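There are 4 protein chains.
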Amino acid sequence: MIEENDRILLCGRKREYFVTAGEGRFSTDKGILELSELVGKNAGDEIKTHLGDPFRIKIPRPTDFFSYAKRTGAPMLPKDIGLVIAYTGMNHKDRVLDAGTGSAIAAIYFGGIAESVVTWEQREEFASVCRKNINDAGLCNVEVKTGDVLEEKGVFDIVHHDLTITPEHIVHAFECLKPGGYLAAYTPFLEHTFTVIDTAEDLFTEVVCHETIGRELTRTKRGTRPSTRVCHSGYITVCRK
Amino acid sequence: MIEENDRILLCGRKREYFVTAGEGRFSTDKGILELSELVGKNAGDEIKTHLGDPFRIKIPRPTDFFSYAKRTGAPMLPKDIGLVIAYTGMNHKDRVLDAGTGSAIAAIYFGGIAESVVTWEQREEFASVCRKNINDAGLCNVEVKTGDVLEEKGVFDIVHHDLTITPEHIVHAFECLKPGGYLAAYTPFLEHTFTVIDTAEDLFTEVVCHETIGRELTRTKRGTRPSTRVCHSGYITVCRK
Amino acid sequence: MIEENDRILLCGRKREYFVTAGEGRFSTDKGILELSELVGKNAGDEIKTHLGDPFRIKIPRPTDFFSYAKRTGAPMLPKDIGLVIAYTGMNHKDRVLDAGTGSAIAAIYFGGIAESVVTWEQREEFASVCRKNINDAGLCNVEVKTGDVLEEKGVFDIVHHDLTITPEHIVHAFECLKPGGYLAAYTPFLEHTFTVIDTAEDLFTEVVCHETIGRELTRTKRGTRPSTRVCHSGYITVCRK
Amino acid sequence: MIEENDRILLCGRKREYFVTAGEGRFSTDKGILELSELVGKNAGDEIKTHLGDPFRIKIPRPTDFFSYAKRTGAPMLPKDIGLVIAYTGMNHKDRVLDAGTGSAIAAIYFGGIAESVVTWEQREEFASVCRKNINDAGLCNVEVKTGDVLEEKGVFDIVHHDLTITPEHIVHAFECLKPGGYLAAYTPFLEHTFTVIDTAEDLFTEVVCHETIGRELTRTKRGTRPSTRVCHSGYITVCRK
Numbered sequence: 001m002i003e004e005n006d007r008i009l010l011c012g013r014k015r016e017y018f019v020t021a022g023e024g025r026f027s028t029d030k031g032i033l034e035l036s037e038l039v040g041k042n043a044g045d046e047i048k049t050h051l052g053d054p055f056r057i058k059i060p061r062p063t064d065f066f067s068y069a070k071r072t073g074a075p076m077l078p079k080d081i082g083l084v085i086a087y088t089g090m091n092h093k094d095r096v097l098d099a100g101t102g103s104a105i106a107a108i109y110f111g112g113i114a115e116s117v118v119t120w121e122q123r124e125e126f127a128s129v130c131r132k133n134i135n136d137a138g139l140c141n142v143e144v145k146t147g148d149v150l151e152e153k154g155v156f157d158i159v160h161h162d163l164t165i166t167p168e169h170i171v172h173a174f175e176c177l178k179p180g181g182y183l184a185a186y187t188p189f190l191e192h193t194f195t196v197i198d199t200a201e202d203l204f205t206e207v208v209c210h211e212t213i214g215r216e217l218t219r220t221k222r223g224t225r226p227s228t229r230v231c232h233s234g235y236i237t238v239c240r241k
Numbered sequence: 001m002i003e004e005n006d007r008i009l010l011c012g013r014k015r016e017y018f019v020t021a022g023e024g025r026f027s028t029d030k031g032i033l034e035l036s037e038l039v040g041k042n043a044g045d046e047i048k049t050h051l052g053d054p055f056r057i058k059i060p061r062p063t064d065f066f067s068y069a070k071r072t073g074a075p076m077l078p079k080d081i082g083l084v085i086a087y088t089g090m091n092h093k094d095r096v097l098d099a100g101t102g103s104a105i106a107a108i109y110f111g112g113i114a115e116s117v118v119t120w121e122q123r124e125e126f127a128s129v130c131r132k133n134i135n136d137a138g139l140c141n142v143e144v145k146t147g148d149v150l151e152e153k154g155v156f157d158i159v160h161h162d163l164t165i166t167p168e169h170i171v172h173a174f175e176c177l178k179p180g181g182y183l184a185a186y187t188p189f190l191e192h193t194f195t196v197i198d199t200a201e202d203l204f205t206e207v208v209c210h211e212t213i214g215r216e217l218t219r220t221k222r223g224t225r226p227s228t229r230v231c232h233s234g235y236i237t238v239c240r241k
Numbered sequence: 001m002i003e004e005n006d007r008i009l010l011c012g013r014k015r016e017y018f019v020t021a022g023e024g025r026f027s028t029d030k031g032i033l034e035l036s037e038l039v040g041k042n043a044g045d046e047i048k049t050h051l052g053d054p055f056r057i058k059i060p061r062p063t064d065f066f067s068y069a070k071r072t073g074a075p076m077l078p079k080d081i082g083l084v085i086a087y088t089g090m091n092h093k094d095r096v097l098d099a100g101t102g103s104a105i106a107a108i109y110f111g112g113i114a115e116s117v118v119t120w121e122q123r124e125e126f127a128s129v130c131r132k133n134i135n136d137a138g139l140c141n142v143e144v145k146t147g148d149v150l151e152e153k154g155v156f157d158i159v160h161h162d163l164t165i166t167p168e169h170i171v172h173a174f175e176c177l178k179p180g181g182y183l184a185a186y187t188p189f190l191e192h193t194f195t196v197i198d199t200a201e202d203l204f205t206e207v208v209c210h211e212t213i214g215r216e217l218t219r220t221k222r223g224t225r226p227s228t229r230v231c232h233s234g235y236i237t238v239c240r241k
Numbered sequence: 001m002i003e004e005n006d007r008i009l010l011c012g013r014k015r016e017y018f019v020t021a022g023e024g025r026f027s028t029d030k031g032i033l034e035l036s037e038l039v040g041k042n043a044g045d046e047i048k049t050h051l052g053d054p055f056r057i058k059i060p061r062p063t064d065f066f067s068y069a070k071r072t073g074a075p076m077l078p079k080d081i082g083l084v085i086a087y088t089g090m091n092h093k094d095r096v097l098d099a100g101t102g103s104a105i106a107a108i109y110f111g112g113i114a115e116s117v118v119t120w121e122q123r124e125e126f127a128s129v130c131r132k133n134i135n136d137a138g139l140c141n142v143e144v145k146t147g148d149v150l151e152e153k154g155v156f157d158i159v160h161h162d163l164t165i166t167p168e169h170i171v172h173a174f175e176c177l178k179p180g181g182y183l184a185a186y187t188p189f190l191e192h193t194f195t196v197i198d199t200a201e202d203l204f205t206e207v208v209c210h211e212t213i214g215r216e217l218t219r220t221k222r223g224t225r226p227s228t229r230v231c232h233s234g235y236i237t238v239c240r241k
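Chains as they are written, first to last, in full-length UniProt numbering: chain C, 1 to 241; chain Z, 1 to 241; chain B, 1 to 241; chain G, 1 to 241.
Rather than coming from a laboratory, the hints here were simulated on the basis of the structure.
Hints are supplied without guarantee of correctness; some may be wrong.
The list treats identical chains as interchangeable, and a pair is accepted whether it falls inside one copy or across any two copies.
Claimed, not checked - Quick list of in silico lysine-lysine cross-link-like pairs, DSBU-like style, CA-CA up to 30 Å:
hint : residue 1 : residue 2
1    : Lys178    : Lys48
2    : Lys178    : Lys93
3    : Lys79     : Lys221
4    : Lys48     : Lys79
5    : Lys153    : Lys178
6    : Lys178    : Lys145
7    : Lys93     : Lys14
8    : Lys30     : Lys153
9    : Lys30     : Lys178
10   : Lys178    : Lys79
11   : Lys41     : Lys132
12   : Lys41     : Lys153
Since this is a predicted model, take the numbers as computed values, not measurements.
Next up, chain C with everything else stripped away, as it sits in the complex (with noise of 0.2 Å):
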């Protein structure tokens, strides 16, 4: 049921809006929709604007904040967080280290399948947004740090790193593992995803580098094909302990 707050996606018959349940009204293509009308109603029921038109009520779900979060800059693609989560075998006994933060889409995503969540933003200004958009996910197992990830002393399961990679920064992650434990670091550089393996290949028991061309098909009257766009995103570095 939903509470005063939350956050809720409003699907018309060709749009959809990201909203919070509760004071204030809000305006769409279709007319004016009252706000707190949505408290105490759940996924799929629908209100009304006030020309009668209806919208319909879903949940978000990580996919929506991979949308509509805000974004303090380009955020890791859906596929490429699933390769994380999936390589390091990401569940929910897991704790889990995350820097940098960035819009916190990876920290909503792992949030919502491991114990807890600690990630890490250098810039201040960056955090505050990550902490809005985590808690508009309503996620209380992810802890946003502010400042460099190096100074984190905690033990984890997987650390995952988005972030200009330096050494110590797998040194660092080394050390903060579990043994049997997965660092898995994001690089969209080779020169970065060499820095990576080289110094990985001497302190873990396993270092496996991926890529992943991730295709559309498009399905038309036209016909059927690939799209013709198609996204390097970067290197997925996966190093157990």
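Put chains Z, B and G on the given structure of chain C with help from the hints.
Same frame as chain C, now just chains Z, B and G:
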């Protein structure tokens, strides 16, 4: 702390063994291990063979079940399981429907993330392997049902299909899903992929078909290059209700 | 030595111009050039604008026609033209049948390699652009025919199709080919690709369908990485008689 | 018309043989062939074994030399040779410099297209295999030189390198090229690719590094899908003078 019947990874200098804590002995290339010594120990502890060679204890993760679980056929690759998790935003609030179970690798990944998983396997002899693998993974929230998934009457946040798909499976998935929920259908062949897209487009609000090409970057003394092996595994069509 | 009416590339410090040697003047960002000065010069020579700015002469190559020829639609990409050449082993002994001509980029590449090329373009207004482009490329061994390629009665070493393909095109290509000759059919959509494969497999001794994903590696001060843009262009099915 | 010593492909129902027209006999799975019978025949004609089984005559094309020529190592793949041809716009007016020759597969392709090819192979024992393969291909415009390509003093439209490359090779290639000409350097490893790009960018007007991922689409009764094997072969850096 390790209990009797827990599955454990024992890591020697060059070899790794997947054993069960409790009664019995286990022969390695470095001598014999008493498996009862594992009980009460923790990740990172060591036990020694009768020849004094140490083996370090790791608690297995979903990634290890991909490597060590008994297989009934080719399981989905971790990269594809990761895509399903990411593009559906799977998290600890979710009830997941999974079919067909196969070796239960996907079900083990999902069980470590979601609130609960119901997984359907048509062949009784496969289902018993699934139950064994899921039990080894220590998961209590995954139920294996034997029979045709179309008999399932529950309500779910996510439906995942890895079977020879028909339009009926798509319609049934739609009916099982909560508003805002996702179907993710894995299909190795284009013809089945077309079936999924064509049926789903009349039902779901959003249908996107993904293909990923995964490569490893290999780095040796000779130089760095993408590995010459690449896997087409299959298409993943993600449909939102 | 450059003759009147030869097409010429003029390369300034930042800009390149595609001009015709002979009468007339040409305005650049650096002043005016007298095009009659080009006649009698050679690749590598310079001419100057009325302001004294030098432009170096290059003799255009097929790659330049891809950039500068007048287009009637999206031409085949060089990487795909290269695949056709390589998988058919196109060489100076070959008689090549090409359809549809489009902007004649493929025909210009083939004309520079083969003994002769016959290329069919259905639309008269396109055919006249083709003839102009082929003439600009200085090729005397490429004949543009207007109409339906199925009317062609000649015998060829290679047939190349880049048009909306039907089973009749495949059967006709088989009939036109010498024993040991090749059909290469370019199809952007899977449905047309299936038509090619299914029809060809009953006729030809060897049918292989290729897809290539082309990426550029970009190297800047920030680092090296694959460009984030990748093109699916189409499938090339190569069939040997 | 086939002459004595011409290389010929003989195609039976299931097998193909690469033979030399002229004296001698050749044993097949279907009986013995008299190779002198080939002289005077043409592509498409048949000869029969002593058991009466027919074999159809094909005149070998560059693609056949990729399959049947004697190899001294792994040759460049046709897709990569095609890229070199396409991105340099190789044609019958071109003088081409090629190094190292290897099995001469690239030199055979280039010789069938360009006016002339000079190809350098460092190892004398490899060079003799090259000469044999080029002779089998019936090419009179390809000269094999033994030694270090840096000794070459000629002027060329295209330089193609498939060897362990150094900055000296790039500088030398630049010096050998006509204005507007192209260097295409094939490098399997990233480190060598970086050497090419970094050296070339200070000399050439245009430097683009290409990578292609080639897949086959397989179509069987089970369905259609990309083949699960994909080759990273190497990077091709194309530099224009």
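Taking 30 Å as the upper bound on the Cα-Cα distance, should Lys178 and Lys48 be classified as within, between, both, or neither?
Between copies, since 20 Å is at most 30 Å while 52 Å is not.
Reference check for the pair Lys30 and Lys178, CA-CA at most 30 Å: within, between, both, or neither?
between (54 Å within a copy, 25 Å between copies)
Checking an output row: Lys30 and Lys153, CA cutoff 30 Å. Within, between, both or neither?
neither (52 Å within a copy, 36 Å between copies)
Up to 30 Å between alpha-carbons, please classify Lys79 paired with Lys221: within, between, both or neither.
both (28 Å within a copy, 27 Å between copies)
Intra- versus inter-copy proximity for Lys79 and Lys48 (alpha-carbon distance at most 30 Å)
The answer is neither: 36 Å in one copy and 42 Å across copies each exceed 30 Å.
If the cut is 30 Å between Cα atoms, do Lys178 and Lys145 qualify within a copy, between copies, both or neither?
Within. Shortest intra-copy distance 21 Å satisfies the 30 Å Cα cut-off; inter-copy 35 Å does not.
Tell me, please, which holds for Lys93 and Lys14 at an alpha-carbon limit of 30 Å: within, between, both or neither?
between (40 Å within a copy, 28 Å between copies)
Indicate which option fits the pair Lys153, Lys178 if close means a Cα-Cα distance not exceeding 30 Å: within, between, both or neither.
within (13 Å within a copy, 42 Å between copies)
How do Lys178 and Lys93 come out at 30 Å by Cα distance, when the copy is not named: within, between, both, or neither?
Classified as both: same-chain Cα gap 13 Å, cross-chain 27 Å, threshold 30 Å.
Lys41 and Lys132: within-copy, between-copy, both or neither at 30 Å Cα:
within (23 Å within a copy, 41 Å between copies)
Status of Lys153 relative to Lys41 across identical chains (alpha carbons, at most 30 Å):
Classified as between; 24 Å across copies, 43 Å inside a copy.
Homo-oligomer pair classification [Lys79, Lys178; C-alpha up to 30 Å]
both (26 Å within a copy, 24 Å between copies)
Taken one by one, the earlier hints fail for this structure at numbers 4, 8, listed in ascending order.
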